[in-house]
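Residue numbers (numbering that gives the first Met the number 0), protein chains in the order written: chain A, 0 to 471; chain B, 0 to 471.
Careful: at least some of the hints might be erroneous.
Copies of the same chain are indistinguishable here, so a pair counts whether it falls within one copy or spans any two.
Cut-off 30 Å, straight-line C-alpha distance, at most; resulting in silico cross-link-like pairs (DSS-like, lysine-lysine) [claimed, not checked]:
#: 1; residue 1: Lys408; residue 2: Lys388
#: 2; residue 1: Lys244; residue 2: Lys93
#: 3; residue 1: Lys43; residue 2: Lys138
#: 4; residue 1: Lys131; residue 2: Lys388
#: 5; residue 1: Lys73; residue 2: Lys388
#: 6; residue 1: Lys242; residue 2: Lys43
#: 7; residue 1: Lys138; residue 2: Lys314
#: 8; residue 1: Lys138; residue 2: Lys33
#: 9; residue 1: Lys73; residue 2: Lys222
#: 10; residue 1: Lys154; residue 2: Lys408
#: 11; residue 1: Lys463; residue 2: Lys388
#: 12; residue 1: Lys93; residue 2: Lys131
#: 13; residue 1: Lys409; residue 2: Lys185
#: 14; residue 1: Lys388; residue 2: Lys314
#: 15; residue 1: Lys348; residue 2: Lys463
#: 16; residue 1: Lys33; residue 2: Lys185
#: 17; residue 1: Lys67; residue 2: Lys409
#: 18; residue 1: Lys242; residue 2: Lys73
#: 19; residue 1: Lys154; residue 2: Lys43
#: 20; residue 1: Lys222; residue 2: Lys314
It should be emphasised that the hints constitute simulated quantities derived from the structure, not laboratory data.
2 protein chains.
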Amino acid sequence: MKNSLSVFLLAAFFCATAELHAQGQTPDELMLRKIYDMALTNGKAYDWLDHLSNEIGGRLSGSLEAEKAVQYTKEVMQEIGLDSVWLQPVMVPKWTRGVPEYSYIETAPGISSVVNVCALGGSISTPDGGLKAEVIEVKGIEELEALGREAIEGKIVFFNRPMQANLIHTFEAYGGCVDQRYSGAKEAAKYGAVGVVVRSMNLRQDDLPHTGAMSYDDLPPNKRIPACAISTNDANYLSTALKLKPDLLFYFNQTCRVFPDVQSYNVIGEIRGSEFPNNYMVVGGHLDSWDLGDGSHDDGAGCVQSIEVLRLLKKMNYKPRHSIRVVMFMNEENGLRGGRKYAEEAQIKKENHVFALESDSGGFTPRGFSIDADTDNMAQIQSWVSLFKPYLIHYFEPGGSGADIGPLKKEGMVLAGLRPDSQRYFDHHHASNDTFDAVNKRELELGAATMTSLIYLMDKYGTKTEYTSIPK
Amino acid sequence: MKNSLSVFLLAAFFCATAELHAQGQTPDELMLRKIYDMALTNGKAYDWLDHLSNEIGGRLSGSLEAEKAVQYTKEVMQEIGLDSVWLQPVMVPKWTRGVPEYSYIETAPGISSVVNVCALGGSISTPDGGLKAEVIEVKGIEELEALGREAIEGKIVFFNRPMQANLIHTFEAYGGCVDQRYSGAKEAAKYGAVGVVVRSMNLRQDDLPHTGAMSYDDLPPNKRIPACAISTNDANYLSTALKLKPDLLFYFNQTCRVFPDVQSYNVIGEIRGSEFPNNYMVVGGHLDSWDLGDGSHDDGAGCVQSIEVLRLLKKMNYKPRHSIRVVMFMNEENGLRGGRKYAEEAQIKKENHVFALESDSGGFTPRGFSIDADTDNMAQIQSWVSLFKPYLIHYFEPGGSGADIGPLKKEGMVLAGLRPDSQRYFDHHHASNDTFDAVNKRELELGAATMTSLIYLMDKYGTKTEYTSIPK
Numbered sequence: 000m001k002n003s004l005s006v007f008l009l010a011a012f013f014c015a016t017a018e019l020h021a022q023g024q025t026p027d028e029l030m031l032r033k034i035y036d037m038a039l040t041n042g043k044a045y046d047w048l049d050h051l052s053n054e055i056g057g058r059l060s061g062s063l064e065a066e067k068a069v070q071y072t073k074e075v076m077q078e079i080g081l082d083s084v085w086l087q088p089v090m091v092p093k094w095t096r097g098v099p100e101y102s103y104i105e106t107a108p109g110i111s112s113v114v115n116v117c118a119l120g121g122s123i124s125t126p127d128g129g130l131k132a133e134v135i136e137v138k139g140i141e142e143l144e145a146l147g148r149e150a151i152e153g154k155i156v157f158f159n160r161p162m163q164a165n166l167i168h169t170f171e172a173y174g175g176c177v178d179q180r181y182s183g184a185k186e187a188a189k190y191g192a193v194g195v196v197v198r199s200m201n202l203r204q205d206d207l208p209h210t211g212a213m214s215y216d217d218l219p220p221n222k223r224i225p226a227c228a229i230s231t232n233d234a235n236y237l238s239t240a241l242k243l244k245p246d247l248l249f250y251f252n253q254t255c256r257v258f259p260d261v262q263s264y265n266v267i268g269e270i271r272g273s274e275f276p277n278n279y280m281v282v283g284g285h286l287d288s289w290d291l292g293d294g295s296h297d298d299g300a301g302c303v304q305s306i307e308v309l310r311l312l313k314k315m316n317y318k319p320r321h322s323i324r325v326v327m328f329m330n331e332e333n334g335l336r337g338g339r340k341y342a343e344e345a346q347i348k349k350e351n352h353v354f355a356l357e358s359d360s361g362g363f364t365p366r367g368f369s370i371d372a373d374t375d376n377m378a379q380i381q382s383w384v385s386l387f388k389p390y391l392i393h394y395f396e397p398g399g400s401g402a403d404i405g406p407l408k409k410e411g412m413v414l415a416g417l418r419p420d421s422q423r424y425f426d427h428h429h430a431s432n433d434t435f436d437a438v439n440k441r442e443l444e445l446g447a448a449t450m451t452s453l454i455y456l457m458d459k460y461g462t463k464t465e466y467t468s469i470p471k
Numbered sequence: 000m001k002n003s004l005s006v007f008l009l010a011a012f013f014c015a016t017a018e019l020h021a022q023g024q025t026p027d028e029l030m031l032r033k034i035y036d037m038a039l040t041n042g043k044a045y046d047w048l049d050h051l052s053n054e055i056g057g058r059l060s061g062s063l064e065a066e067k068a069v070q071y072t073k074e075v076m077q078e079i080g081l082d083s084v085w086l087q088p089v090m091v092p093k094w095t096r097g098v099p100e101y102s103y104i105e106t107a108p109g110i111s112s113v114v115n116v117c118a119l120g121g122s123i124s125t126p127d128g129g130l131k132a133e134v135i136e137v138k139g140i141e142e143l144e145a146l147g148r149e150a151i152e153g154k155i156v157f158f159n160r161p162m163q164a165n166l167i168h169t170f171e172a173y174g175g176c177v178d179q180r181y182s183g184a185k186e187a188a189k190y191g192a193v194g195v196v197v198r199s200m201n202l203r204q205d206d207l208p209h210t211g212a213m214s215y216d217d218l219p220p221n222k223r224i225p226a227c228a229i230s231t232n233d234a235n236y237l238s239t240a241l242k243l244k245p246d247l248l249f250y251f252n253q254t255c256r257v258f259p260d261v262q263s264y265n266v267i268g269e270i271r272g273s274e275f276p277n278n279y280m281v282v283g284g285h286l287d288s289w290d291l292g293d294g295s296h297d298d299g300a301g302c303v304q305s306i307e308v309l310r311l312l313k314k315m316n317y318k319p320r321h322s323i324r325v326v327m328f329m330n331e332e333n334g335l336r337g338g339r340k341y342a343e344e345a346q347i348k349k350e351n352h353v354f355a356l357e358s359d360s361g362g363f364t365p366r367g368f369s370i371d372a373d374t375d376n377m378a379q380i381q382s383w384v385s386l387f388k389p390y391l392i393h394y395f396e397p398g399g400s401g402a403d404i405g406p407l408k409k410e411g412m413v414l415a416g417l418r419p420d421s422q423r424y425f426d427h428h429h430a431s432n433d434t435f436d437a438v439n440k441r442e443l444e445l446g447a448a449t450m451t452s453l454i455y456l457m458d459k460y461g462t463k464t465e466y467t468s469i470p471k
């Protein structure tokens, strides 16, 4: 594409369409046009993300980088002139990866191949000098019981269920495997396994291991076993090697540590509402990230988009009826402490939250929202679908919103999550290639504009439930 | 994203939705599900594109690579067992870039900065040793007349109108500037300009010049002037430098040549129709590309997706009612000879083409189709919208189709173009980064499945016009 003559025809068609749009627009249509125009021609989200990603980097809870990000986003919120900006203290876990992990498959004494692994977040270290053992491959936790202690004891359990490629929503494919990563070590330990290696949650074949949270739950410390993720290429290699040589040995070494909880913060900014200052609408993302990449998609994108929502409203001199808050939640990845703390304080202070929107699915082209609301509120949101059509925003379906805003949920409240195109998300998720270069400026800005548009409409029309649910 | 507990909830929601879908599906719903499943779990398009891009490379008309691509795609079509596969001879222009271009801005004798340029396709070379002259910046062809010969004569005209960032359809933004590239040299030459430099058609700020077709039309050879594209970063730099130093000199050297036309081919494969073998449905892309990258998005993607359509139909043992052809059109980029030749021969042989679909807008996540059809056919296609909803395909709007299938257009015929997400397309279009690594396997496969689904529905239900329009 594109022979020039046909482009002229195409352009003529588009221009005709654009002109039609300019005539007889409603105030809401004009407002959305203004929002998208500003986001695409004068957006700040991409520059802020550049700083978060390239000047600060990966922001694991409890790290120096996470604290730099707290200071930086607080400064940005102050610069854009919000009515108030503050830090909300929250204690967060501190887990460190230690020196780079090292791993190999040994098929015979002295014959070994290095493979790519990384410790799962929250895992203990291997014994000094590393762990070497035979491997038993399973496709999921449910196979452990049938195998029993005899088959598992003293071995490393290799969880190798891949993400299901034919699911259009890649988050669904993720949901179908993530129990291996989150609970695999805890469950395998019960049968006497000495370690766990989990296939990376990645729909691509490549060499990058993907980290992510795991939990030992209430397993006593002396029963805990180390767990790592292996790249999809090396998972296939290990699986093939096991077929040829079932008694091969797998070695991995990781030096991760858990420290006592440390002080951190949610970062909050607010524009005070003109009519309903005590009814709150929240937009946010999580400021912490994993440590392998710089957390550009997960969730630097959601953070800068959320601040951009308030900047755009201010820049347009829009005076919201409700109090609108932007929140940078701390510690979504390995604790959700920030989300829980924010909801707790809202409850204690009897702040009436009526709507919350999270962006935590990457900075890709927005397709719409998944919405957690009752019938009346859902109907109101779906009545706005045609307003979004010129921007190719078409997805307004019931569904989950975001982990950080989940704890705010109460009857009558509306929650929503931005839904960007998800096809590339798990190529980068929790891996060393979740980096700034993988974010497209326009896609990021379109997401910010789409979020701003929904916040504007929710603020203008209110939720269908809020005025009867103000706390006494 | 994503705290594991919330992922479990999300997954539970999605699984519930998926189960609902599995019950009581119509045959068309089941067929589309099967098409998408096969494309995503057993697709071949990505491997074929790997070969086209990485084993063959950029396929400029008349080049050895273009001929290798003809042979390769012919072999692929034969391997998948089409009823017939043949080459359709077509003479194509042969233009060569020559040695790498070189360019600098000279602000004072001996003080110069190198900038990134590339010759436009079809441009003549600069004089031996290059061309150096003062520069006059304009924002479009329409400014030339007002400036007049006095201001332009002896100078290099710098066309610097950027793509408009606030347009959601990036092809619209392209259509708004491409006249500078296509006709800038011809128009500037009329006022005595000695050369032309055009801002690259790129929505990003970066260092890559983007080539593309230009034409001197009927300008006599001795009036023709060389034309190059400059990267967006260097276009801004040149514009700023001109404000500070209006009499700066711009130098560029390029050694491109035009040779006599050479023999090439369209590659055509066919599954013979069981009921209406003389009514043809065509799916295709263009096999030629520019030479700077490997043409993965433009239009290797469209080529392999088109072959995949026929492979998927064969693999499912679908027996089409109409004859379905896949066509690899040659020379879309700088001549459209293949598209014209195919239409000419169809006319001579009185082949009744009832539907044609082109993919030539990149291998990104498909959003739908732009459709060139009368009211009845448009209504029929729009009645299928709900079938596509599970695959997030939502765009079914009137519009242009594709340059190669355009010449086939006749009354009653339906044309359609695949419309992928367009936000990243012009980051790569005609530049050295239109390469395989910029294509996501799933996005490419989703496009192929979406095209196959439309071909299946068009074949099953026919166009609303075809049975009354069989040539006598």
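Which constraints among the numbered hints does this structure fail? Numbers only, ascending. Hints 2, 4, 5, 9, 10, 13, 16, 17, 18, 19, 20 not satisfied by this model.
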